[in-house]
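Novice: Residue numbers (the working numbering), protein chains in the order written: chain S, 3 to 229; chain D, 3 to 229.
No lab work stands behind these hints, which were simulated from the structure alone. What you are looking at is a predicted structure, and each value in this text was computed from that prediction instead of being measured. C-beta atoms are modelled at their ideal positions from N, C-alpha and C, and glycine is treated no differently. Incorrect hints may appear among the rest.
In silico DSS-like pairs for lysine-lysine, Cα to Cα no more than 27 Å straight-line [claimed, not checked]:
(1) D:167 to S:133
(2) S:167 to D:144
(3) D:33 to S:144
Cβ pair distances, simulated, as ranges [as the list claims (entries may be wrong)]:
(4) S:213 to D:159: 40 to 46 Å
(5) S:118 to D:67: 53 to 59 Å
(6) D:76 to S:212: 14 to 20 Å
(7) S:167 to D:76: 45 to 51 Å
(8) D:163 to S:218: 44 to 50 Å
(9) S:110 to D:216: 46 to 52 Å
(10) S:42 to D:95: 27 to 33 Å
(11) S:96 to D:170: 32 to 38 Å
There are 2 protein chains.
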Amino acid sequence: MKKTYEGKTKDVFELDNGNVMLKFKDDCTGKDGVFDPGENAVGLTIDGIGKANLETSVHFFEILKDAGVKTHYVSADVDNATMEVLPAKVFGKGLEVICRLVATGSFIRRYGSLIEDGTELPGGLVECTLKDDDNGDPLITKDALVALNVMSAAQYDSLKEQTLKITQIVADDLKSKGLKLYDIKFEFGYNNDEVILIDEIASGNMRVYKDGKIVEPVDLTNFILEK
Amino acid sequence: MKKTYEGKTKDVFELDNGNVMLKFKDDCTGKDGVFDPGENAVGLTIDGIGKANLETSVHFFEILKDAGVKTHYVSADVDNATMEVLPAKVFGKGLEVICRLVATGSFIRRYGSLIEDGTELPGGLVECTLKDDDNGDPLITKDALVALNVMSAAQYDSLKEQTLKITQIVADDLKSKGLKLYDIKFEFGYNNDEVILIDEIASGNMRVYKDGKIVEPVDLTNFILEK
């Protein structure tokens, strides 16, 4: 098994069957020893967080599979913190896709002159940012993605449609646990031109509230997995 | 005649016929006494620049009228530095619409990891930014403009189509004078739901090159007006 990439929170291996294996690590992004999913640098290690993120991801990927949404997910071995996935290429040098159900965070920092923090965004709003730490992960429009040859207009439309659908499925699952999804971050890739959800769906990728208070990622994992 | 707004570079008056009069001033945006159309604060006064910007605007508005593109322009009195225009509401608290034919400036600061400075963007790329000095005039997508009720999807499509067409007309005129348009900034408004170009089309709103070197706004005005 050949390691093809060493990431901040996951290592990537090539499998003999043509698929890819992701190994979830206990390294987290954060700063000064405090876990912060929004940070770009690895700031600390939390025992067992790799497995917890994998379990959370498997929970959602299985729900998506049942709902007929194809993703890169094939199978998982939670004990070894590994997930087998379809091979996929990332768009450009990597793209983050955010779906917002409630306006908050960086959206308010940008557009607070026009909308109150906490306003619902009915149906959800999809935004893309480039993975580019040095430039503060800049927002990018559909037209710019197409002009920069990052993706085709049809690929963008597929990505947006899937993002809205997947977000609704995740939000519904969280709602059944008394949790309210504010926003969620995804990564998409393409496999033979087909756009599919890749990476993970873990607590660090979403902003969730319970009874009007934000739920920290470690607590959120426990709520999601009903532990 | 009632003054309804005092802007950085123009004052706005209500006319008895229901139209609006813009008075072009000699105040320019800039910093430390240096003219910089990208600056938000008024930094200096240049004798005659109000009239020069009006003449330049009239030059382009007349070309657009001849090409069948409706704008807010009605007529002008260059000696008095005034322009009569249709009344129009701005989108949100004001929106800047940029059309890029060549990737440079803030586009490269955002997306330089994916594209070289100076790369042509065939057909042109339209971007919108909010007029919000305190937040650095943030980029905003079509979907966010619709979600924030700044405009409808149909209004955005009209704005984008008009921007591409107007930019091509301006670029063609500049090309006939040996000048190359890199990018240009517009402001649109709506008059009875119809989206129309408003404000001015002056040298400070565009980035233009001649023989591979950028042309400063004052020189550009002279080139455009063939003075």
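Novice: It remains to establish, for every hint, whether it holds in the given structure.
Specialist: Now for the hints, and whether the structure bears them out:
{"no.": "1", "hint": "D:167 to S:133", "verdict": "violated (33 Å)"}
{"no.": "2", "hint": "S:167 to D:144", "verdict": "holds (19 Å)"}
{"no.": "3", "hint": "D:33 to S:144", "verdict": "violated (34 Å)"}
{"no.": "4", "hint": "S:213 to D:159: 40 to 46 Å", "verdict": "holds (42 Å)"}
{"no.": "5", "hint": "S:118 to D:67: 53 to 59 Å", "verdict": "violated (42 Å)"}
{"no.": "6", "hint": "D:76 to S:212: 14 to 20 Å", "verdict": "violated (58 Å)"}
{"no.": "7", "hint": "S:167 to D:76: 45 to 51 Å", "verdict": "holds (49 Å)"}
{"no.": "8", "hint": "D:163 to S:218: 44 to 50 Å", "verdict": "holds (47 Å)"}
{"no.": "9", "hint": "S:110 to D:216: 46 to 52 Å", "verdict": "violated (36 Å)"}
{"no.": "10", "hint": "S:42 to D:95: 27 to 33 Å", "verdict": "holds (32 Å)"}
{"no.": "11", "hint": "S:96 to D:170: 32 to 38 Å", "verdict": "holds (34 Å)"}
Taken one by one, the earlier hints fail for this structure at numbers 1, 3, 5, 6 and 9, listed in ascending order.
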